[in-house]
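K.L.:
Taken in sequence, the protein lines are chains A and B.
The opening position of the first sequence corresponds to residue 1 in the working numbering, with each subsequent residue numbered one higher.
The opening position of the second sequence corresponds to residue 1 in the working numbering, with each subsequent residue numbered one higher.
Since the hints were made in silico from the structure, they are not lab data.
Treat the hints loosely; a few may be bogus.
Said to hold, decoys possible - The calculated lysine to any residue pairs, modelled on SDA-like cross-linking and capped at a C-alpha distance of 25 Å, are: (1) B/K525 - A/P59; (2) B/K198 - B/A333; (3) B/K525 - B/A554; (4) B/K337 - A/L121; (5) B/K382 - A/E102; (6) B/K337 - A/R125; (7) A/K73 - A/Y89; (8) B/K382 - A/D79; (9) B/K198 - A/N42; (10) B/K198 - B/N269; (11) B/K382 - A/N42; (12) B/K525 - B/S478; (13) B/K382 - A/F111; (14) B/K382 - A/Y122; (15) B/K414 - A/L144; (16) B/K198 - B/I155; (17) B/K382 - A/W104; (18) B/K382 - A/Y89; (19) B/K382 - A/I85; (20) B/K525 - B/E582; (21) B/K382 - A/L121; (22) B/K525 - A/L27.
This is what each chain is made of:
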Amino acid sequence: MRNLFTAFILLVALASPLRAVQPDEILPDPALEERARALSTNLRCLVCQNQSIDDSNAPLARDLRILLRERLKAGDSDDQAVDFIVARYGDFVLLRPRFTPETWILWIGPFVLLLGAGALLYLRRKRPEETAEGELSNEERAALAQRLGTDQP
Amino acid sequence: MIAETGHFALILALVTALVQFALPLYGAHRGERALMGAAAPAALAQFSLIVIAFLALMHAYVTTDFSLANVWENSHSAKPLLYKISGVWGNHEGSMVLWVLILALFGSGVALFGGNLPLELKSRVLAIQGSIGAAFLLFIVATSNPFLRLNPPPIEGNGLNPLLQDPALAFHPPFLYAGYVGLSISFSFAIAALIDGKVDAAWARWVRPWTLAAWMFLTIGIAMGSWWAYYELGWGGFWFWDPVENASFMPWLVAAALLHSAIVVEKRNALKIWTILLAILAFSLSLIGTFLVRSGVLTSVHAFAVDPARGVFILMILCVFIGGALTLFAWRAPMLKAGGLFAPMSREGGLVVNNLLLCTACAAVFIGTLYPLALETINGDKISVGPPYFNFTFGLIMLPLLLLVPAGPLLTWKRAEAWPVIQRLWMAALATFAIAMVILVATRRGPWLAPFGIALGFWLVLGALAELAERIALFKSSFPVSWSRLKGLPRSSLGMTFAHAGLGLAVIGIFAVTTWREEHIVAMKPGDHLSVAGYDVTFLGEAPMTGPNYTGDAGRFRVMAGNREVATLASEKRRFQPGGQETTEVGLLQAWSGDLYAVMGDRMNDGTRAMRIYFNPLISLIWLGTFIMFMGGVISLTDRRFRVGAPKTARRLQPAAAE
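In isolation and in its complexed conformation, chain A is listed as follows:
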């Protein structure tokens, strides 16, 4: 942890700062290539810091890109191709975590918090009728009249 933005640095030091997908990897079929690109932005480069295989220049990321494209060429659906990779590398490879009991809090947490806090705020709001702000007591009237130097407040 010597450098200022270590995460940034690592992110780039492990993969030199050049964009990832190489011209020779691109599939001739544009529709297939588009699917591959969309999928690979959601797959993590395992040896990098928070970087997708689409962005990474690491050799492993290149292998994964090629593997993904081979699966798609072989006729896999998007889900099948991703499942194939997850089966080998684990859930860690997914940049969009799956909705499992382990990630319920992750996915639902922010919205539960929003609704809960919103409901709490609404139910616990102060209603004007509950407080005596509207009417002054007789003493307060007298004190006010005295301060103002008048008989009638």
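We have chain A already, so just place chain B on it with the hints.
P.N.:
Just chain B now, kept in the frame of chain A:
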């Protein structure tokens, strides 16, 4: 000798900070003016001492004194002067010195300009500042001393990471730290108010400019970091939801919420407890951000466990300050008297919704950033949380906020009706709808998100302008009347118009570039050309080049629009000495319609180069929008009421609260 002076000054600063903490706090408790009077001189002395330490370190960097371990590890004799200077904070130890320097600068700001604060409040605020300073100075002296000597001194240093050798990144940390640390002032004010047991409009009036300043620095710091990532990393993106980015974004979100809730305290004497809590949370998130970036916990939980000394120390600072503050809050907050009442549908209600949404948006970022760490600690399972998660949760929560922003300022205080708001916004709404339709028709096959998101941005801009038009009675009275009204408008109100409109421009830019970006990845040899977004880009060839501390290749591109040559772009691959680390310089042609972004990649086996050429439509609006938000802050800071004395305003406040 100079380094030893710096070292000594740092230790003296630590002692001074302890004095600044203890004496005024005790004095305020006992009501002894002499002890309270020690606060301001101690704050100024602490600042001066840290300045000496900082200058000593800078001297070592500028003169390239490799007898200091820190300089040897992070500098190099051939580095340009700018990066020798910025190298001071381009490493852990130096950046912590910068952190306490800015902390002490803010503290002495309160000491110097806080003459009109009640003495007890001022003493307590400075005491809390002193305690934060003492904690971090102790951290530096004990675990991260930049003044350690090497014997014998090496001949040559290791150099600064080449990616950090960039003008935007040279000044990114000072701005970011000014933002982080600026929030310490709001924190200290909140703690002092809890001890005092009193929060009033004068308090809010004091806290707001500091929070605003901190928020502005964070805005600029984040924008600079994003700009750096955009053109220096060469990936073409501007925001990656990286934990380091999130660490700075979370305090920004909460500071924005705090800015808004402090308005309610100031104008209506309501939401006091909530505002205190936000002030505590904002700085807590700054501390957490510092912990995340500094401790190594981000790389992995294991990296943290291998060298835990620093991480554990910051974690302890975190526990003491956040835990202590929240405990004090739980104990004292119920004693604060609740203030003005309001109906759910009112300006106050609108600001509560703003706070609710900003804070849960921040919570989404917080959960996403820390969830993998938490899960790995609990059961060892490793998951990744990447941009798709953040775009979904954060986006979904921000959406209602952005939709509601134009309506908020049009609501009246205490109790509001919907109809007048609709009356004032229907033109903006109609124009927004028309824009969405035009985009939809023009880009029939494009992604549906584009017309929607861009219209959302326009809605913010037009809504802000509609509110301004309403205030100055534009088109309702003669032009000279409107003009004089515009000049008479409170600066803070004008600042809000700027900030909201700037936000809208940034939203337009973000959606345009994420949905319409054009991307080409091709192998090119000299003479090849490519058509990108109406430009014709020809690769002219490459030539070797030498810089002050690097060698490299520069590839040149000719850019034609029709038959006219628009520009020649150069993209470089630089290899830095020592170490041979490579960086890429992007060839960038900026125009209002968008940026042409050319990156020269690796040489392929057949002698061609892998080129990446992007067109990023309207991306300048992101920086322009952030800059306008920043300017909104500047305009708001010049508001008259921040310049007049706080006691005077406090006396005038009762009638003002009724407006």
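K.L.:
Now look at each hint and say whether the structure bears it out.
P.N.:
Right, here's what the structure says about each hint:
no., hint, verdict
1, B/K525 - A/P59, "24 Å, holds"
2, B/K198 - B/A333, "10 Å, holds"
3, B/K525 - B/A554, "14 Å, holds"
4, B/K337 - A/L121, "18 Å, holds"
5, B/K382 - A/E102, "11 Å, holds"
6, B/K337 - A/R125, "15 Å, holds"
7, A/K73 - A/Y89, "21 Å, holds"
8, B/K382 - A/D79, "21 Å, holds"
9, B/K198 - A/N42, "51 Å, violated"
10, B/K198 - B/N269, "12 Å, holds"
11, B/K382 - A/N42, "16 Å, holds"
12, B/K525 - B/S478, "64 Å, violated"
13, B/K382 - A/F111, "23 Å, holds"
14, B/K382 - A/Y122, "38 Å, violated"
15, B/K414 - A/L144, "24 Å, holds"
16, B/K198 - B/I155, "60 Å, violated"
17, B/K382 - A/W104, "15 Å, holds"
18, B/K382 - A/Y89, "11 Å, holds"
19, B/K382 - A/I85, "16 Å, holds"
20, B/K525 - B/E582, "22 Å, holds"
21, B/K382 - A/L121, "36 Å, violated"
22, B/K525 - A/L27, "20 Å, holds"
Hints 9, 12, 14, 16, 21 from the list above are not met by this structure, while the remaining hints are.
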